[in-house]
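J.: These protein sequence lines are chains A and B, in that order. So the first sequence is residues 315 to 771, counted in my numbering. So the second sequence is residues 315 to 771, counted in my numbering.
There may be inaccurate statements among the hints.
[As the list claims (entries may be wrong)] In silico BS3-like pairs for lysine-lysine, Cα to Cα no more than 25 Å straight-line:
(1) Lys395/A / Lys444/A
(2) Lys495/B / Lys745/A
(3) Lys395/A / Lys395/B
(4) Lys481/B / Lys324/A
(5) Lys410/B / Lys334/A
(6) Lys395/B / Lys726/A
(7) Lys395/B / Lys324/A
(8) Lys410/A / Lys445/B
(9) Lys449/A / Lys745/B
(10) Lys410/A / Lys495/B
(11) Lys395/A / Lys324/B
(12) Lys571/B / Lys571/A
(13) Lys495/A / Lys685/B
(14) Lys444/A / Lys410/B
(15) Lys481/B / Lys745/A
(16) Lys685/A / Lys745/A
(17) Lys685/A / Lys495/B
(18) Lys395/A / Lys334/B
(19) Lys745/B / Lys495/A
(20) Lys726/B / Lys410/B
(21) Lys324/B / Lys571/A
(22) Lys324/A / Lys571/B
(23) Lys726/B / Lys395/A
(24) Lys445/A / Lys685/B
(25) Lys334/B / Lys410/A
(26) Lys685/B / Lys571/A
(27) Lys334/A / Lys481/B
(28) Lys685/B / Lys640/B
(29) Lys346/B / Lys410/A
(30) Lys324/A / Lys334/B
(31) Lys495/A / Lys571/B
(32) Lys334/B / Lys445/B
(33) Lys640/B / Lys346/B
(34) Lys410/B / Lys449/B
(35) Lys444/B / Lys410/A
(36) Lys395/B / Lys575/A
(37) Lys600/A / Lys718/A
(38) Lys445/B / Lys395/A
(39) Lys571/B / Lys395/A
It should be emphasised that the hints constitute simulated quantities derived from the structure, not laboratory data.
There are 2 protein chains.
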Amino acid sequence: MAAINDVPYKIYLEESEMPKAWYNLRADMKNKPAPLLNPGTHQPMTAEELSGVFCADLVAQELDNTTPYFEIPEEIRSFYKMYRPSPLVRAYFLEKALGTPARIYYKFEGNNTSGSHKLNSAVAQAYYAKKQGLKGVTTETGAGQWGTALSMACSFFDLDCKVYMVKVSYEQKPFRREVMKVYGADVTPSPSMTTEIGRKILAEHPGTTGSLGCAISEAVEVAVSNPGYRYVLGSVLNQVLLHQSVIGLETKAALDKYGIKADIIIGCAGGGSNLGGLIAPFMGEKLRGEADYRIIAVEPASCPSFTRGVFAYDFCDTGMICPLAKMYTLGCDFIPSANHAGGLRYHGMSPVLSQLYDDGLMEATSVEQTKVFEAAEQFARVEGILPAPESSHAIRVAIDEALKCKETGEEKTIVFGLTGTGYFDMVAYEKFHNGEMTDYIPTDEELAKYRAMLPQV
Amino acid sequence: MAAINDVPYKIYLEESEMPKAWYNLRADMKNKPAPLLNPGTHQPMTAEELSGVFCADLVAQELDNTTPYFEIPEEIRSFYKMYRPSPLVRAYFLEKALGTPARIYYKFEGNNTSGSHKLNSAVAQAYYAKKQGLKGVTTETGAGQWGTALSMACSFFDLDCKVYMVKVSYEQKPFRREVMKVYGADVTPSPSMTTEIGRKILAEHPGTTGSLGCAISEAVEVAVSNPGYRYVLGSVLNQVLLHQSVIGLETKAALDKYGIKADIIIGCAGGGSNLGGLIAPFMGEKLRGEADYRIIAVEPASCPSFTRGVFAYDFCDTGMICPLAKMYTLGCDFIPSANHAGGLRYHGMSPVLSQLYDDGLMEATSVEQTKVFEAAEQFARVEGILPAPESSHAIRVAIDEALKCKETGEEKTIVFGLTGTGYFDMVAYEKFHNGEMTDYIPTDEELAKYRAMLPQV
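With the sequences and hints as input, model every part of the structure.
T.: As C-alpha cells, this is what we get:
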C-alpha cells in the first residue's frame, strides 16, 4: 500500500488547464448523425421549427455538424469552477484487490450535489435559456440526477424549473424530490393529470410506473404551450454530448499531463450523455486516424438498445410529439421492467453514438443488474466511493477487463467514467442486500412487439 | 461573475503538500486539558486502564499533552489520498449574493461517501485497531456520519464494525443504515435490548428516542465484554482532535500558499471534532503569540453546552461507565429535543476546546434551527452544495459576520468549516420546507435540573 507511485491518486487539473471550448465530435465524423425529422412531414427539422421547443443558441449547437469547437461562455466556466475540474482517479486499491497488472483510472463526476455529470449540460442549457430572456424551462427526469442538476442550474440563474419525474423513481426516491425543492423546482410524478398526454397515457395504462419517454412528452407539452418556456433534455441530443465533452477533454488533458495512453475506455450508456462526453476527444483522435482505442458502451440487459435494438428512425418520446431521431432503439413504447433500478431506462440512444456504433467505431455490451451491484459493492469497499447504479455498469466491465488482463498478464490502461454517486439509490442497494434484486431480460418476442411499432420513415 | 480572480475557486493542495504529521494542539497549551478520571476512584485514568477500552496507540495519543507532532502512518496517508486533500473553496458566489466586501472561504470535507470530515479519524482509529491485531471495533453514531465513516474504514482494513445508532436518527435516516451495510457494518438502534445498559434505559424510559450518551454506553459495554474488540469514538476525545488537525493543517497550507491571512475562523461544534481540527494550527499560532484570530464555535440553541453549560467533570455517557471528563457540559442525562435535526446532539464538549474556551481563547455562539436551515438553503442555491445541518450552523454565522462587514465596509477574511453534505438529511429539509420545523430552546429550569445531577468530583 506504499505510495511509491509516479501518478497521484487523484489528478486534478489547475483551473487554468480546464477546457475553454467544448469539442463537437460530429465535425470529425465522416458519416454524420442523421438529421432529426419533423414527426408530421418526415422532413429534416429546421432551426425555426426546433426553436419552438429549444432555446435558439441550443438549436444552433444541435444542428451544427461541422464546427469542431464551441467556446464555453465565461459564465458557464465560472459555474464549472464550483465543482470542476473533476478528479481523474487512479484506482490503486481496486487494482490491488483484483491483483491485476492493468492500470485502472476513473473520471469521477459525482462530487457535486446533483451527484452526477448531468450538471455539465444543465448549467449550459439554463445559461442559454436565461440569455434568451426566458421565464423558465421544463424537463423530465428518471433517476433524478438530471432533474437535480437542472434545479441547481435554474436556481443559480433564477429561472423557473418544472420537472416531470418518472413515477417509479419519484416513489423510490422521495429525497431526490426534496433536493430539487431546496433548489426551488416544481416536481410532478409522470404520467400526471397536468398534461393532455399524461391524461391519455393514464387512461390507457392506469397502473403504469412511467417511463422517460412519457415524461419527455409531458415536459415538451408544457414547454410549447406556455409562453416564455422551453424544453431542455439531459441526454440523447447532440447539444448535450457537446456540453458533456468537458468530461472527456479533462480526462484527456489529465492523462496527457502524465504521459498516459489509454487502451480501453468504458462508459455506461442510457441515452449516451456520459459516454458521448467521456469518449469525445478519444473518438476524435480515432476518427482522424491519430490514435486507436477500444471504446466500450455498457448498457443494462433490461434495456439493451445498442445490443438488441435496431438502428432506425423512432420517436424520442412516448407521446410521439417530439422529432424523430435515427438511433439504436427498442421502440418508443418500450418501458424497462420496474425491477430495473436507477437510470439507463431510455428506449433509444444518442444519434451520434448510434452512428459511431453502426460504423464499427465502438463496441457495446450489456450486463445484468445483480452483477452490476456486486461490482458496485466491491468497488465501494476498496475505493471508498458508493457508486450510482448507472456508473456501476461501467465498473462491472472495467473489473471484467482488468481480470482478463490478470489472466493474460497484459498491463493495459483502462479508463472508465464514474458518472455519479449512489446516495439516493439506497432502496436498490437494500434490495440487493436482502437478496430481493432480480435480473430481467426482455424476451425476443417482447422486443419484436415494440420493434413492429416503429414509425415507417 | 467574470473570473478575474487571483485566488482560484477551489484551492487543492498537491498530494506532496499534504500534511505528513498531525498537530497536537495540547503541546502548545499553557493550561492543559484536565485528565480523564476513573469513574469509580476519581483518580486520573492510567494508560493501562484506558487500554481495556481503547487501542494502545490511541491511548498514547490520548494522554500525550506534550508531543507537538505525530507522524501520520503511511497506510493512513494512502487512504487519505483517496479523498483528500479536500478543497478550500472561495465562496465567490455567496459573497456576491450577500454583497459583502468580506472574503469568505470554506474548507469542504463532504467529498467522500461518509459525507463528512469524520473519515479523517475513522481511518486512523481503524488502522491502529488492525495494527494491534484486533477483531473489530464498536461505536455509536448520531446523525450517521461517524458510523458511515467507521464502516468505510473497517471495510478497508477488514475489521468487524458494530455501530449503535441513536434511535431517532436510525428512524429518520434509514438510508444511512443501508450505506453502512454496503460497507459490511452491523447497525443497531440505541437504546437496544442487546446490552445491559440498553435494557436498563429502555425499562426506565420506554419511549426514548435515544441519545449519543446512551449509544456510547452500549458500544463501550459491548467492546469491554468481547475479547478482541475495542471502542472507538468520533468526537470529544483528544485523539480525535489530533487526527482532525489534518483539516486545519490543509486549510492553513492552502491559505499560506496564496498569502491569505484569516481574520475569523468559524466552525460548528457538537463534540468538537471538526472545530478542534479546523482551528488547531491557527490556535497554535495564537497560543505561541505568532498571530491572532477570532475563533467562533457555533452550537445549536437546543444543545448549548458552551454557551449555557458549565465547565465541570461529567460522564461522557449516559450509562456512567466511561471516564469522567472535565468539559463544558449540560449534564450527561440531557437529551436535546427530538425536533432537533442532524448531529451536534452531544451533552458535552471536547476537553481541549473547553479549556481553550474557558481561557478566553475562543468565542461561542448558539443559533436556532430554522435560521440554520435558512442559511443552508441560501448557501445551496448560490454555492451549489447542499450542506449538512451541522455544517449549516457555521454557514449561518459566516453569513452573519459577512453581513456585518457589509455594514462596516470591512474586508475581513472569513474561513469556515463546511463539514459535510446533507444528502441524508432530506427529512429535515422537507420539514423546513413544509413549515413544520420549530425551534426549541431549553429553559433555565430544565438545564438546572440536569446540572444538579452532575457528579461531585
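J.: Hints numbered earlier in the text: which of these fail when held up against the supplied structure?
T.: 4, 9, 18, 24, 26, 27, 28, 29, 31, 34 and 38
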